[in-house]
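J.: For reference, the chains in residue letters:
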Amino acid sequence: MHGVKRVRHTREALEAKKLREQAKLTDYLALTDDLLHRKQENDYSLDAFKLTTRLLQVNPEFYTIWNYRRQILIKGIFPEKQPREIYEYINEELGNTMAALKSHPKVYWIWNHRRWCLENIPNNPDADGLEAVNKWKSATWDREMMVVEKLLNADARNFHAWSYRRYILANTTNPRPEVTEIAYTTSKIEANFSNFSAWHHRSKVYSSLWTSGKLDEAKCKEDEFDLVQNAMYTDPNDQSVWIYHRWLVGTDSSAELLNREVRAIEELLDQESNNKWCIESLVHYKRMLLSKVDGDERERLSAECKQLLERLQTLDPCRRERYASMIKQL
Amino acid sequence: MSSPPKLLIPLHVSYIQKLGESKDDLSYHLTAHLRLNAVYWGLTALCIMGHKDALDREEMIDFVMSCWDEEAGGFGAHPKHDAHLLSTLSAIQILVIQDALDKLEISRVVKFILSLQQPSGVFAGDSFGEIDTRFSYCAVSALSLLGHLHGLDVEKTVSYIEKCRNFDGGFGNTIGAESHSGQVFVCVAALAILDRLDVIDDQMLGWWLAERQLPNGGLNGRPEKLEDVCYSFWVLSALSILKKVSWIDADKLSSFILSAQDLEGGGIADRPGDMVDVFHTLFGVAGLSILGYPGLVDLDPVYCMPAPVIEAKGLRKGWQSLERRVSQD
Ligand SMILES: [Zn+2]
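Protein sequence lines, in the order shown, are assigned to chains A and B.
Count the first sequence with numbering that gives the first Met the number 0 and you get residues 0 to 329, in order.
Count the second sequence with numbering that gives the first Met the number 0 and you get residues 0 to 328, in order.
Everything labelled a hint here was simulated from the structure, so no lab data went into it.
None of the values given here were measured: they were computed from a predicted structure.
When the alpha-carbon atoms are kept at most 30 Å apart in a straight line, the in silico DSSO-like pairs for lysine-lysine are as follows:
id, chain 1, residue 1, chain 2, residue 2
1, B, LYS22, A, LYS105
2, B, LYS242, A, LYS327
3, A, LYS203, B, LYS162
4, B, LYS102, B, LYS312
5, B, LYS17, B, LYS102
6, A, LYS23, B, LYS79
7, A, LYS101, A, LYS23
8, B, LYS51, B, LYS242
9, A, LYS17, A, LYS49
10, A, LYS105, B, LYS79
11, B, LYS5, B, LYS17
12, A, LYS220, B, LYS162
13, A, LYS49, B, LYS22
14, A, LYS220, A, LYS285
15, A, LYS16, B, LYS22
16, A, LYS49, A, LYS23
17, A, LYS49, A, LYS80
18, B, LYS224, A, LYS285
19, B, LYS316, A, LYS327
20, A, LYS4, B, LYS17
21, A, LYS285, A, LYS275
22, A, LYS105, A, LYS149
23, A, LYS23, A, LYS4
24, B, LYS51, B, LYS17
25, B, LYS79, A, LYS74
26, A, LYS4, B, LYS22
27, A, LYS327, B, LYS251
28, A, LYS285, B, LYS242
29, B, LYS224, A, LYS275
30, B, LYS316, B, LYS242
31, B, LYS224, A, LYS220
32, A, LYS187, B, LYS224
33, A, LYS4, B, LYS5
If you want a taste of the chain B side facing chain A, the calculated C-beta under 7 Å gives, among others:
id, residue
34, LEU25
35, PHE166
36, ASP273
Glycine included, C-beta positions come from ideal geometry on N, C-alpha and C.
Only chain A is shown next, with the shape it has when bound in the complex (with noise of 0.2 Å):
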């Protein structure tokens, strides 16, 4: 249970609410039986179809009626209807499970079962050529990509809906340019720098943009430094940003741009004294610049680092004892 707040009911307010829930409760468990005993007698039909979906109505987190539901549908009621009738009952499948899921975006089976949808649309016998015959499925999965912004807008840090937009880009018959998950991401960025799920997504965007050779990387992460700066400069006491610029600068990188980051967060700290985020990244780039200097200049970075580690375990001393043990590191 989260985030429902404790109430002090005195013991007649009980009763009331007891009384009051008795013939909720009654009919309840009368449907639960009924349904429970209709799957193990194997019974497929409509009338058990509709049960269902009064069931699932009132508890959607049901997973064993989800199954049952699905099962009336391969085995009673799909071999007896033409595909357009199929394709029908799943659409009105995808309505019910957007009207649950407004209600409860966090429940894993509805989304279990809007993807089974998704993938159990037939295709149109009817049509002629492959993009007729895929007309339904394509016309489905284009408008998934709606639905998931919706869910997205309502909570933008809904991690099923994130997993469900990946399921979606990667799945769907017209893939759109993976680069407006860019312009997505941005956008969703800019309402709110805060939204790691987004900096998470547009990191794996790039990674697989990248590796794929449609963006160049060392011009991308060029833009990537300006917007994180931006943004660092806007909340400097936002993780969200700092991760993220853990990742651009990732773990191979030349003295040079190290350096050329480590200046630029050193003058945010001119401004910011004391702030912690800024402290802590300079430690993890300075650690990182150690390993490609040796005398004397490590020698000095290493007394800055150890300086700052000290500075650290006061501002933060919650985590005093990473530092500490970074300091025996050194």
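Knowing the structure of chain A, use the given hints to seat chain B with the ligand on it.
T.: Below, chain B with the ligand without anything else, positioned relative to chain A:
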């Protein structure tokens, strides 16, 4: 700030005992799909508080066996519910804690579990095919508890988990998904069972996990999200497997968990002032155990079961919790 209350063990024990008594309550029946999991949560919380016998052993074993799904060869969450890996792991955990594995047709369950591995190496939760690293953990933990890890394709299992690792050191529920503390726990614990912690970047992940602590002491599940008692366990268990529990402020987290107790009715909530449930009660108590709270039994963070049970089976891995403090009163 006033000092936090103590852990009210007798009150929580009676809260858990009473959970089964609310059968005339609608909300009780609306959670039937989690019943077997809830029994495991309640039993483990009782064990950690040193009150294993507060629930009747025979009655519990009978209930577990009544959830057996003969057709699938696994356990559902409730009698007549379909078998699923989540409830199958709970059933096995309960039977192991109660030393009643002899009730089980082990070879059938093992077959059910192994049948759910996909070509990519990840596990599906049931025959309908939803995949998630949570289910990989369920499979690995269950097979290990049953002494049947040898039947598992370890390379394939590890390779999928590895592909879910992100640049921040954390893990997501599928390839490409954002790191999340719950998924970090399942992936790190599965890798610990398979002796493959080499897959983890422990400095990076340790950093990400330590940054889950918020100024109020509580832990969140992802960057820039709210704190929640259940993350106390997920973040702490991973830190304890990495031997880095000291990287967060134990006192502040203990106070946060203790302040989420219902001081009248017992139980622990997600946050101070919210409704309690058995899930957060277990994860609150589990977190306190890892933090060395006085008077509690050690929790094995890999299996989320009482450590003595796991040690007796010879399954203990090299995790490290904080040393148990001695009560000051
Ligand atoms: Zn929670």
